[in-house]
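K.L.:
Chain by chain, the residues run as shown.
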Amino acid sequence: MSSLKLTLKVWRQPSRDEAGQFHTYHLEDVSTEMSFLEMLDVLNENLIAQDEEPVAFDHDCREGICGMCSLMINGQAHGPDNETTTCQLHMRHFRDGDTIVIEPWRAKAFPVIRDLVVDRSALDRVIAAGGYVSVNCGSAPDANAVLVPKTDADKAMDAAACIGCGACVAACKNASAMLFVGAKVSQMALLPQGKPERASRVLNMVARMDEEGFGNCTNTAECEAACPAGISLSNIARLNREYLKAALTAAN
Amino acid sequence: MSVVEETRLDAKIPGGPIEDKWEKHQFEMKLVAPNNKRKFDVIVVGTGLAGAAAAASLAELGYNVTNLCIQDSPRRAHSIAAQGGINAAKNYPNDGDSVMRLFYDTVKGGDYRSREANVYRLAHVSNLIIDQCVAQGVPFAREYGGLLANRTFGGAQVSRTFYARGQTGQQLLLGAYGSLMRQVEHGKVKLFPRREMLDVVVVDGVARGVVARNLMTGEFETYCGHAVLLCTGGYGNAYYLSTNAKGSNVTAAWRAYKRGAYFANPCFTQIHPTCIPVSGDYQSKLTLMSESLRNDGRVWVPKSADDKRPATEIPDEDRDYYLERRYPAFGNMVPRDVASRAAKERCDAGYGVGETGMAVFLDFKDAIARDGEDVIHQKYGNLFHMYKKITDEDPYHVPMRIYPAVHYTMGGLWVDYNLESTLPGLFVLGEANFSDHGANRLGASALMQGLADGYFVAPYTIANHLAGRQLPRVTTHHPAFQESLVDSRNRLERIRNVNGERSVDSIHRELGHIMWNDCGMSRTAQGLNDAIDKITALREEFWQNVKVLGKGEALNQNLEHAGRVADFLEFGELLARDALERQESCGGHFREEHQTAENEAMRDDENFCHVAAWEYQGTDSPATRHTEPLTFETVKLTQRSYK
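Chains as they are written, first to last, in my numbering: chain A, 1184 to 1435; chain B, 7 to 649.
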């Protein structure tokens, strides 16, 4: 275990309606065994000791699954490590003397609430438009009544692993949510349970995505590179196929 | 402390044979006619498995639902972090499972401190849960023929656990979240994220609403309805370090306790045996490595305490596979409390491994040699990945180092068979209640309980309350709402105005140390008495010396944390008192004074075969301890044995 001396440039913004700016802080004795958020905890304890308000940032499970943590770290969503959320990023990926720039997700659909905290409720509204199977509780057939080929179930699980953090949107120059939407549309399209609403689901989710102010996909693949859950770009290809098929065959 | 033995809590358990109780009860309960359901407003607090399932199901039935959650999205509730799986008595593998066996295993696993009727119902509805989740598009693991796959979990000798890689909680929660968002789209659920519930509002003795703080703006808000469902999870973060999410807290349950809901068995906490060990003082949480790993991983320490060779260089004959040695019948799959205590015993005896000596090995060498790395990767890929991210070690090649950590809390608000607390109209679901797991929860049963409560129990039992009680029209202008709102606001203002020197986090950490050392895996009367004194002193320090910066009328995470720590400082004392009063060992509650010659937990069925439910008596008086006797008509009371 060794320790690092770091310079942090952190985005501070008092509220949604006020302008923000970078503040520079210096930290010493950062253990390489710490997670990135534990490093921010130490910064906040220091700030409180100096009567300065701590930096607000979203986090919860701290084990990479809830999708609550975010942060652009040196311009990369969730920082430099592959398939890793910020909470699972460890300081051993940084060097002594580094300057680290920490910003919130930046996208029209994700307004900043305070400091590094943004409003991602647009993603919930996209799911509300159709990211589910319409099945009321109590009416399901026996779980083994419908066979699902293992390969399809595995591919559906690959897509369903999305944690909804919004890194794909933050990493994309168009702030597109196509990877997020593609993952949910793919999961449902691959499973027999999702078939009855296959067409309406993709049309409604894409329409909602546009309404919420997310951009279109121009195949840069930054989203895939930034995704902590390893969601593949092929889900966007499937989304496009599903959308085309649905649009061509739509009743109205 | 006053101990009231004569008060008998009425659990409202229906009569008749255990197999028929639930169906009989369903028939006897009142119904709300379909066109009358829209006249009722129900408040659901929390969007984990219990909350999201209940909110969606109630909305599907036609009720108007108001749903609050503390995170920025309902999909982030801590149920999402559950890894290994969900139990059900489907008996698809044809290995002898049944509703009766799942029921039996759960009662035995809970060390005979749960309520038989509730556990039977849980086992009974478990199969419906799997059907429901598959229909929602939950991508459970499957066999090549397209049927669902199963694996084994601790405390069972059959394979009844359904799973979605190591992310079962995530997939089940996203299924429930999908159903919830569908109802949001239909306008039947009004969703309020980033809201923290700070009080239950009681009108004429019935829970009729809640006070919440909007965490984005700091404003206090009131919500009114005909019933309130608390689905707010457990209190593991009283220990500071736990596998819980950072935001998990006891505040909602504690506020309800102060309004008249009894708190049951707070000392029943689960310490999970397989977590990544603590690495430094800055540590903010502990990460679980799923119990499912014990299907293929073998737990061991060196036979000699002086053996400092790297793990891979220690040959089999110098390794002590102590769980297999002590418990040949169940081996590495003993229940969590047994595995945790065994790890602590080995480490305390000097056999621990790693830099701190507070860890044991979980080794996949044999499984990889037997099945190949690919198969192990398919089963546990994401867990191995997570382990490597945190420790920088590759578990495909060196054994994992693991140590027990606080994980789950079996205790919670007391509820009757209908999941209604002692405060009429207040229902408590999932981990927040105490009902089904006794003194120890078996693996893959938390998901089962959360979804059972939310999908299949509360939607029925709530009708009995709505149709059976006079519920006059009440609005948020009622004085009770204003009083609760002012109380909540004043309390946070008081915290902000202390203007002391100590950070909230440092006080929370100190509380965690007290809880872990004196109310952790092993407890004594002396330690518990010490803990009560230390917690009392720390609580006084909090109110005189805590330092919270910033405004109340804004997003202020420091203030949020302070409010929760203030409640943990009161709750921690109740936990210690409950542990002190329960002079026996059972499940996760181990009193050193009460153990067998082989250091196993020794129950005292004569004096403690009951639920302890605590009643709040105001800030200046100690809480009153009530009891609900537990009767075992179907499962015989015996000493648990996994040998």
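Hints are computed from structural coordinates only; laboratory data are not their basis.
For every residue, glycine included, the Cβ atom is placed at its ideal position computed from N, Cα and C.
There could be a bad hint or two in this list.
Unchecked claim - Across the chosen pairs, the derived CB separations fall in these ranges: (1) D210(B) to P1332(A): 50 to 60 angstroms; (2) E319(B) to A1408(A): 47 to 57 angstroms; (3) A1420(A) to A355(B): 55 to 65 angstroms; (4) H1209(A) to V284(B): 25 to 35 angstroms; (5) E29(B) to P1379(A): 27 to 37 angstroms; (6) A355(B) to T1215(A): 29 to 39 angstroms.
Claimed, not checked - Here are a few chain B residues that sit away from chain A, every Cβ distance over 12 angstroms (derived from the structure): (7) D78; (8) R81; (9) A88; (10) S104; (11) G181; (12) S290; (13) M392; (14) A543; (15) L544.
K.L.:
Evaluate each hint against the coordinates.
P.N.:
Status of each hint after checking the structure:
In this structure, D210(B) and P1332(A) meet the distance hint of 50 to 60 angstroms, their C-beta atoms being roughly 58 angstroms apart. Between E319(B) and A1408(A), the C-beta spacing of about 39 angstroms breaks the proposed range 47 to 57 angstroms. The supplied range of 55 to 65 angstroms is met by A1420(A) and A355(B), whose beta-carbon atoms lie about 58 angstroms from each other. At roughly 27 angstroms, the beta carbons of H1209(A) and V284(B) sit within the given window of 25 to 35 angstroms.
Distance hint for E29(B) and P1379(A): a CB-CB separation of about 32 angstroms, consistent with the stated range 27 to 37 angstroms. A C-beta distance of roughly 32 angstroms is found between A355(B) and T1215(A), which places it inside the suggested range of 29 to 39 angstroms. For D78(B), the requirement that its beta carbon stay farther than 12 angstroms from each beta carbon of chain A is not met, with the minimum near 6 angstroms. For R81(B), the shortest C-beta to C-beta distance to chain A comes to about 6 angstroms, within the 12 angstroms cut-off, and the non-interface label is violated.
Its beta-carbon lying about 9 angstroms from the closest one in chain A, A88(B) breaks the requirement of being farther than 12 angstroms from that chain. For S104(B), the requirement that its beta carbon stay farther than 12 angstroms from each beta carbon of chain A is met, with the minimum near 16 angstroms. Its closest Cβ contact with chain A, about 8 angstroms, brings G181(B) to no more than 12 angstroms, contrary to its assignment away from the interface. Non-interface call for S290(B) relative to chain A: violated, since the shortest CB-CB distance, roughly 5 angstroms, does not exceed 12 angstroms.
For M392(B), the shortest C-beta to C-beta distance to chain A comes to about 6 angstroms, within the 12 angstroms cut-off, and the non-interface label is violated. Even its closest Cβ contact with chain A, about 22 angstroms, leaves A543(B) beyond 12 angstroms, as expected for a residue assigned away from the interface. Even its closest Cβ contact with chain A, about 18 angstroms, leaves L544(B) beyond 12 angstroms, as expected for a residue assigned away from the interface.
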